[in-house]
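**Student:** Listed below are the residues making up each chain.
There are 2 protein chains.
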Amino acid sequence: MTANPTLVEALRGSAVESAHRGAWAVVDADGDLVASAGDIDRPIFPRSAVKLLQALPLVDSGAAERYGLNAEQLAIACASHNGEPRHVAVAAAMLAAAGVDEAALECGAHWPYRDVVQREMAAAGQLPGALHNNCSGKHAGFVCLGCLLAGDNDKHAFLSGYVKPEHPVMREVSDAIEATTGWRLADAPRGTDGCSIPTYAVPLRQLALGFARTATGIGLREGRARAAKRLMAAVAEHPFMVGGSGRFDTRVMERLGERVFCKVGAEGVYCAAFPKSGLGVAVKMDDGGTRACEVVMAALIQRFVRLDAAEHGFVQAFADQPLVNWNGIEVGRLRWAA
Amino acid sequence: MTANPTLVEALRGSAVESAHRGAWAVVDADGDLVASAGDIDRPIFPRSAVKLLQALPLVDSGAAERYGLNAEQLAIACASHNGEPRHVAVAAAMLAAAGVDEAALECGAHWPYRDVVQREMAAAGQLPGALHNNCSGKHAGFVCLGCLLAGDNDKHAFLSGYVKPEHPVMREVSDAIEATTGWRLADAPRGTDGCSIPTYAVPLRQLALGFARTATGIGLREGRARAAKRLMAAVAEHPFMVGGSGRFDTRVMERLGERVFCKVGAEGVYCAAFPKSGLGVAVKMDDGGTRACEVVMAALIQRFVRLDAAEHGFVQAFADQPLVNWNGIEVGRLRWAA
Numbered sequence: 146m147t148a149n150p151t152l153v154e155a156l157r158g159s160a161v162e163s164a165h166r167g168a169w170a171v172v173d174a175d176g177d178l179v180a181s182a183g184d185i186d187r188p189i190f191p192r193s194a195v196k197l198l199q200a201l202p203l204v205d206s207g208a209a210e211r212y213g214l215n216a217e218q219l220a221i222a223c224a225s226h227n228g229e230p231r232h233v234a235v236a237a238a239m240l241a242a243a244g245v246d247e248a249a250l251e252c253g254a255h256w257p258y259r260d261v262v263q264r265e266m267a268a269a270g271q272l273p274g275a276l277h278n279n280c281s282g283k284h285a286g287f288v289c290l291g292c293l294l295a296g297d298n299d300k301h302a303f304l305s306g307y308v309k310p311e312h313p314v315m316r317e318v319s320d321a322i323e324a325t326t327g328w329r330l331a332d333a334p335r336g337t338d339g340c341s342i343p344t345y346a347v348p349l350r351q352l353a354l355g356f357a358r359t360a361t362g363i364g365l366r367e368g369r370a371r372a373a374k375r376l377m378a379a380v381a382e383h384p385f386m387v388g389g390s391g392r393f394d395t396r397v398m399e400r401l402g403e404r405v406f407c408k409v410g411a412e413g414v415y416c417a418a419f420p421k422s423g424l425g426v427a428v429k430m431d432d433g434g435t436r437a438c439e440v441v442m443a444a445l446i447q448r449f450v451r452l453d454a455a456e457h458g459f460v461q462a463f464a465d466q467p468l469v470n471w472n473g474i475e476v477g478r479l480r481w482a483a
Numbered sequence: 146m147t148a149n150p151t152l153v154e155a156l157r158g159s160a161v162e163s164a165h166r167g168a169w170a171v172v173d174a175d176g177d178l179v180a181s182a183g184d185i186d187r188p189i190f191p192r193s194a195v196k197l198l199q200a201l202p203l204v205d206s207g208a209a210e211r212y213g214l215n216a217e218q219l220a221i222a223c224a225s226h227n228g229e230p231r232h233v234a235v236a237a238a239m240l241a242a243a244g245v246d247e248a249a250l251e252c253g254a255h256w257p258y259r260d261v262v263q264r265e266m267a268a269a270g271q272l273p274g275a276l277h278n279n280c281s282g283k284h285a286g287f288v289c290l291g292c293l294l295a296g297d298n299d300k301h302a303f304l305s306g307y308v309k310p311e312h313p314v315m316r317e318v319s320d321a322i323e324a325t326t327g328w329r330l331a332d333a334p335r336g337t338d339g340c341s342i343p344t345y346a347v348p349l350r351q352l353a354l355g356f357a358r359t360a361t362g363i364g365l366r367e368g369r370a371r372a373a374k375r376l377m378a379a380v381a382e383h384p385f386m387v388g389g390s391g392r393f394d395t396r397v398m399e400r401l402g403e404r405v406f407c408k409v410g411a412e413g414v415y416c417a418a419f420p421k422s423g424l425g426v427a428v429k430m431d432d433g434g435t436r437a438c439e440v441v442m443a444a445l446i447q448r449f450v451r452l453d454a455a456e457h458g459f460v461q462a463f464a465d466q467p468l469v470n471w472n473g474i475e476v477g478r479l480r481w482a483a
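Protein chains in written order, with the numbering used here: chain A, 146 to 483; chain B, 146 to 483.
I should point out that these hints are in silico values taken from the structure, not numbers from a laboratory.
None of the values given here were measured: they were computed from a predicted structure.
Careful: at least some of the hints might be erroneous.
[To be verified] The following label-pair restraints were derived from C-beta to C-beta distances:
1. A:G402 to B:A148: 34 to 44 Å
2. B:A160 to A:G176: 17 to 27 Å
3. A:E265 to B:K309: 29 to 39 Å
4. B:K309 to A:K421: 32 to 42 Å
5. A:G270 to B:D465: 36 to 46 Å
6. A:G402 to B:D246: 47 to 57 Å
From the three backbone atoms N, C-alpha and C, an ideal C-beta is built for every residue, glycine too.
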C-alpha cells in the first residue's frame, strides 16, 4: 500500500506519540477534483459511510410512501446508531409499519456501542437483540423495501436472505451505489460487512462524486435525486437518529443543519455531502481508526463549508481535541496535521 | 515521521482493507541488535509496556518483603488489568498490607475495560473506583514503596503527590527505567500517562535492551536482577493478574509459562522478555492501535521462542486471526504482513 500522508497526529505533552496516515477527496458534481490528499484512486470499502446511498431505493421505490415512514424513520435508515431506547423504538416502528417484526432483521445482535446504554440495559436486566444493532434502522429500511418488492408473494419468504448480493433488495441497493458513484460494482472487490450485507470497494474519488451528486441532484435520475433530498432533510431534522448521544455525526449536524450531511463508516471511512457548496467528500484512514477520521472530517468542514466564527470554533474543538486522562488532566492533543 | 513498513494487514474478503505500520526491535543483553524493522532509534512513549521495569523498586527496595506481598500481588503490580473482582481484591489487599486504603491511590477511577465486567457491576448497582482502574495494581505497588520510603514520617503526607516526577517514589521508578534501558531520562521528552505518572520517550532499541537485561540479569545490579526474576516468576505463576479474561498477555503467558513475559501498553506499544533465549523485544505501531501490536508480538514469539507444533498453532491463531461479524460469519483476517 502506498504511504499516504500523515493527516492526524496524537501528541502527548509536546511530542508526537502516534500518527495516522490516510487519503481524502473533495469532488464536485461534474466529477472535477476540488482538492485531495493521498491515493484517491485505490478502491476502498466504504462500509457504513454510504448508508445514505443504500437508503435511496427505500424512498425511490415508493416503499417509504407506502408504509408512511416519517422523517425520524427515514433518518434512522441512514444510521449507525448507539442503540439508545429511542433508536430501538423507531426501528421497531418501521418494521411494524411494514407488518413484520424484529425477527425479519438479518443484521445480527450486539450490545449497544455506547457503554452507558449497555450498563443501563444490564441494570434493567435486558439483553440486546437485532434492534440494538447499530445497523437496525438501515436494515428496517431494507425490510420495508423488501415488503414492497414482495408484491403478492409471502413477505417472510421473499425477505429471507435479503442480505445476499443477488437478492432483489440488495440489487436495488447496489444499483443505487453504482449509479451515484459511477463505479461498476460487478468487477469491484466485494466483502461482507459487519451486518452481513455486501460492501464493494470503490475509490475515494468516486465516493466523493457520489456524495456531490446526492448533495446536488446533478447526474442522478429524478427519483433518486428527490430521494436524496428527502433523506438528507430527514437527517438534518433528526440528527440524533443517525448516531446518538455524544456522537460526532449527531453533534455536528445538530449544529450545522442542512449545510453538512456526514456519515462515519467502520475502518476509518467518512463520507459527506456539503449541499450549499455542491461538494462531496470521502476520507479513508489507512489504519482503519475512527478517532482520526473524525478529525479529518472536522478539518474539511472548516475548509469547505461556510461557517461563522462561533461555528468555526465549535468545529475546531473536533479538529484539535484535548486528550484527557482518568484524573481529568489534559495530557495531549489529537489534531489535524496536514 | 518516517514511513515505517506495514507490519499487519486487515483483510476483508481477499482485499486489504486497512494496514498498520510500525517498528520493532529484538536485542540481546549485550545490546546487540538481533533483528528489527522500521525506525527503532526514534524515542517513543512506552506507556504501560514497562510496568515490569516500574515495579522493580517495589521488590528491590525491600517493600515487597516488608509488607509480605505474595506472588499474586507482585504480578498485579506489573498489570493493566480488566478490573475483574479478583483484580480489585488483590490490589486492595496490597494497600491493606501497607496500612492504607483505596484513598491513597492517585490513578483516577474508570469503568473496567471489559464490557461484561461493566455490565455485571451495573447489574449489581456498583460504581467504579480507583481500584477498578487498570493500573490499580501498579499504583498499589507504588503506594507500598512509598510507605516504606516514608520511614518515620506520616505515611499519608509522604504519599501525597507520589505520581509527580520529582516525588521520591517516582524517582525510584525512573531510576529503574534509566538503569535497565540505558537511556538518560533527564533529556527525554516527558508526557503524563493515563494514570497520571510520567512517561518518558525511549527508543525501541533501548527498551528492548531493558527487557533483555531483565530477562537475563546481565548488566543489572544484583538487587534489580533478583527483583526482575522474582516479578517475572510471579507473573508466570499468575498471568490472570496481568490482564484478565480473554486478554492476549494472559492467554499467551498461561500457555507458554516462563518462556515469555509480554506486556501491552497504550498507543500500540508492546514489550517482552524471552528469558530462555536471553532476548528483549519492543514494538510500536505508528497509529497507536492495539489490535495490530498483538499480531506483531505473536509473530515475534513464533520467530524467537522455541515452541512445539501445538504451541506454534496456538500462537498462530493470534498472528493470523479471523475477523467475524455480528452473525458469526468470518468476513476477513487480521494478519502479520511482514
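**Student:** Just to be sure I understand the hint, the distance between the Cβ atoms of K309 of chain B and K421 of chain A should be within 32 to 42 Å; is that true here?
**Tutor:** violated (51 Å)
**Student:** Using the Cβ atoms, figure out if G270 of chain A sits within 36 to 46 Å of D465 of chain B.
**Tutor:** holds (39 Å)
**Student:** Could one say that the CB atoms of G402 of chain A and A148 of chain B fall in the range 34 to 44 Å?
**Tutor:** holds (40 Å)
**Student:** Falls inside 29 to 39 Å, the C-beta gap from E265 of chain A to K309 of chain B?
**Tutor:** Roughly 37 Å apart at Cβ, these two residues keep to the hinted range, so it holds.
**Student:** A range of 47 to 57 Å was offered for this pair. Does it hold for the Cβ distance of G402 of chain A and D246 of chain B?
**Tutor:** The hinted range 47 to 57 Å holds for G402 of chain A and D246 of chain B, with Cβ atoms some 52 Å apart.
**Student:** Is it true that A160 of chain B and G176 of chain A lie within 17 to 27 Å of each other by Cβ?
**Tutor:** holds (24 Å)
The earlier numbered hint that this structure contradicts is number 4, and it is the only one.
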